[in-house]
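These two chains come separately, so use the hints to put the complex back together.
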Amino acid sequence: MEKEKIEKIVNKHRHEKSAILAILHEVQAEDNQLNAESLRYIALLLGVPYANIYGLATFYSAFSTEKRGKTLVRACDGISCHINGSQEVIEVLKSKLNIELHQTTWDEAFGLEKVRCLGLCSISPNVSFNDKTYSNLNKEKILEILQKMTGDSK
Amino acid sequence: MMVQVTLNNKEIEVPEGLTILEVARKQGIDIPTLCYHEALGPYGVCRLCIVEVGGVLRKGIRISCIQNVMDGLVVNTESERVLRNRRFLFELLLARSPDAKELIDLAAKHGVFESRFYEGDSDDNCVRCGLCVRVCRDKIGAFALCFAHRGYDRRVTTDFESLSEYCIGCGTCAQICPTGAIRMKDEGEERIIYTKNGVIGRFELETCNLCGVPYAPRKYLDFVKRNSDESMAVDVVRDLCPTCARRTGAINLVSQMAM
Numbered sequence: 000m001e002k003e004k005i006e007k008i009v010n011k012h013r014h015e016k017s018a019i020l021a022i023l024h025e026v027q028a029e030d031n032q033l034n035a036e037s038l039r040y041i042a043l044l045l046g047v048p049y050a051n052i053y054g055l056a057t058f059y060s061a062f063s064t065e066k067r068g069k070t071l072v073r074a075c076d077g078i079s080c081h082i083n084g085s086q087e088v089i090e091v092l093k094s095k096l097n098i099e100l101h102q103t104t105w106d107e108a109f110g111l112e113k114v115r116c117l118g119l120c121s122i123s124p125n126v127s128f129n130d131k132t133y134s135n136l137n138k139e140k141i142l143e144i145l146q147k148m149t150g151d152s153k
Numbered sequence: 000m001m002v003q004v005t006l007n008n009k010e011i012e013v014p015e016g017l018t019i020l021e022v023a024r025k026q027g028i029d030i031p032t033l034c035y036h037e038a039l040g041p042y043g044v045c046r047l048c049i050v051e052v053g054g055v056l057r058k059g060i061r062i063s064c065i066q067n068v069m070d071g072l073v074v075n076t077e078s079e080r081v082l083r084n085r086r087f088l089f090e091l092l093l094a095r096s097p098d099a100k101e102l103i104d105l106a107a108k109h110g111v112f113e114s115r116f117y118e119g120d121s122d123d124n125c126v127r128c129g130l131c132v133r134v135c136r137d138k139i140g141a142f143a144l145c146f147a148h149r150g151y152d153r154r155v156t157t158d159f160e161s162l163s164e165y166c167i168g169c170g171t172c173a174q175i176c177p178t179g180a181i182r183m184k185d186e187g188e189e190r191i192i193y194t195k196n197g198v199i200g201r202f203e204l205e206t207c208n209l210c211g212v213p214y215a216p217r218k219y220l221d222f223v224k225r226n227s228d229e230s231m232a233v234d235v236v237r238d239l240c241p242t243c244a245r246r247t248g249a250i251n252l253v254s255q256m257a258m
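Line by line, the protein sequences give chains V and E.
If you're matching positions, the first sequence starts at 0 in numbering that gives the first Met the number 0 and goes up one per residue.
If you're matching positions, the second sequence starts at 0 in numbering that gives the first Met the number 0 and goes up one per residue.
There may be inaccurate statements among the hints.
Taking CB as the label site, the calculated pair distances span [stated by the list, open to error]:
#, chain 1, residue 1, chain 2, residue 2, range
1, E, V253, V, N34, 53 to 61 Å
2, E, A107, V, V114, 39 to 47 Å
3, V, H81, E, Y117, 27 to 35 Å
4, E, E164, V, I82, 46 to 54 Å
5, V, V114, E, D120, 42 to 50 Å
6, V, K95, E, G119, 32 to 40 Å
7, V, R39, E, V253, 50 to 58 Å
8, E, G197, V, Q102, 21 to 29 Å
9, V, N34, E, E118, 29 to 37 Å
10, E, K108, V, K138, 55 to 63 Å
11, V, I82, E, F87, 28 to 36 Å
12, E, G40, V, V114, 35 to 43 Å
Please keep in mind that the hints were generated in silico from the structure rather than gathered at the bench.
C-beta: ideal position from N, C-alpha, C; glycine also.
So here's chain E without its partners, still in its complex pose (with noise of 0.2 Å):
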């Protein structure tokens, strides 16, 4: 079904289901957010992708991630009063992780260049948005970090901030990092995940069978080859780095062809 929508004074129809932010985002409206990705749905606690509502809806501020369009529902993502309020969101954040350049790069976009409630430099750089929890939870499904303690002390660590034995060294989390908050960097052999508080996974990266050069943990190759198919696996199973890898995809598809 489809549902009649006013969005920055503009009427849409937009197919019902949806949430504000798809539907703005797909009409190439620009809204900021740090704790949404598109692999893992809304989480809502960022507060950035907040928009003004009215109409259908008693008229106020939403956070565009979680709210579903419906019909008759009136959307402005930048009105002065979403704006006003952003950029005290923006302030908070900074507040919290005041070194990440991310978000400073993000906050200058939205004009805010320092924060007037900074207490200092941030032990972590994290703004607990959940996104590597809740990939390396729902996606990947390692189950290597998690939120631990309550309020003011929460932060994202492995259990009992040790090396985590689940942790299978893919580098989703590091990846995912709005912030930069966790990092993941392979030296040599070795690759370490590792936040400012301490190493996360710290594993012995494999040689490729062809070029010799270290790509990915053993941990992480398993891991791969449990989870695809085995057309896909071939080249896991080769021990093949990702380059390697594609050349003999390319020459194999060559000689098929030449067939």
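In isolation and in its complexed conformation, chain V is listed as follows (with noise of 0.2 Å):
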């Protein structure tokens, strides 16, 4: 990300050194990663060694160090998920967007990731595109909101 924008996030924060999560929340957000270069960049403006940052950003899965595409899907594979079908929808996901867990598609517009659990195991299976769930989903259901969310993308 450009400098420009890395430095106004930091001075929102005006410099604090705890306001570190915060501010790397804000930077994945808008660059959906964070690189070495952004990274890099934050520790300096921070005083925090670069080994520190990177031990950080590494630890939490909502921040990651390479490119995600810009809407994360998260399908749920817990047990609630796992017995009422998820494996069918990841298959779907899978074939659809073109790519395999953990992968971005080649537009960047998508990535997928499995999770373990998305707290609505009573109405499972679930599937969060960014902030938005979907739930109690079947093949032609997950199909359905691929096609909408493909289109608005487009």
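Here it is, written out as structure tokens:
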């Protein structure tokens, strides 16, 4: 990400070291990644060693050091979702987006991830697209949602 | 203040504020540890220093490097329960680092020769004791190493797994590592600090002003200069290797005495 943008975010948090997670969240949201360049620049601005910020950024699954899709698809494969057919849903996602798990589509529009639980077991299986979660899914429903999503993003 | 502790059926009086491990080692009792180092204080991750406590504390297994002594504490460092649990811990550690010679020797000393959890060779031989990360951060102050990733993927690395800008090439991490996961070697005029997965630091060695032998990286010498007072730094300023520094120091001393 451009240095000016990072500076703006860090300034907003008054260069507080304690705001480092908030800063990382904002940079991640804007750039869909925390690459070495951005992380090192944030570290410089805050006066934090590179190693510390790298440890922090790799610890949380909310952050990614590689480019993520604009829309992050989190397919739940927890116990409830699994027995209610999440495997089928995930297969549809994989084949329609034409990617494997933890990959990003060629146009960087979608990233696909398998997660353990979204906390909505009673209405499983669930898939979340960024902040929006769809429940009670099956093959047909996920196809419909996906068509709507890809239509929107084009 | 002194407190009364029963250590392996022997009543002793020890100062308050010490940990069980410190007291036991002073009494000459051998408790194995991997993540404990006198210079760094307790961390409590390798779990090998377990002891059985009782008396004022509820009977059970505790980590002796973290548990402080208290009045009326009863400690047993070699009960059957302790030994059984410790053998189990050794098996877990061996599964993680099956080719670490130091760990194999320590385990053999405690009667563990193989691990039932063995899953194939380790990719790094690291037991995640954190000594290297802590010594680099807390004692050296270089901040070159960190723990990255989480859970099973957690590992010691530099920032972005690249050659670290912060590393000064002192080699403390290689020296303190209990399993030899981080190593250092001086080859000709180059010092390399490396793990099984890659190189942490690569440095050109400065040569000694007197004998011309390559002996230490510039960054490390600068660091020593910055952090020592003038009288101590004399030999570093003159860029002498340890052998020559000792020799000239001795010669100076003798000539002073002769006068």
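Which of the numbered hints above does this structure break? 5
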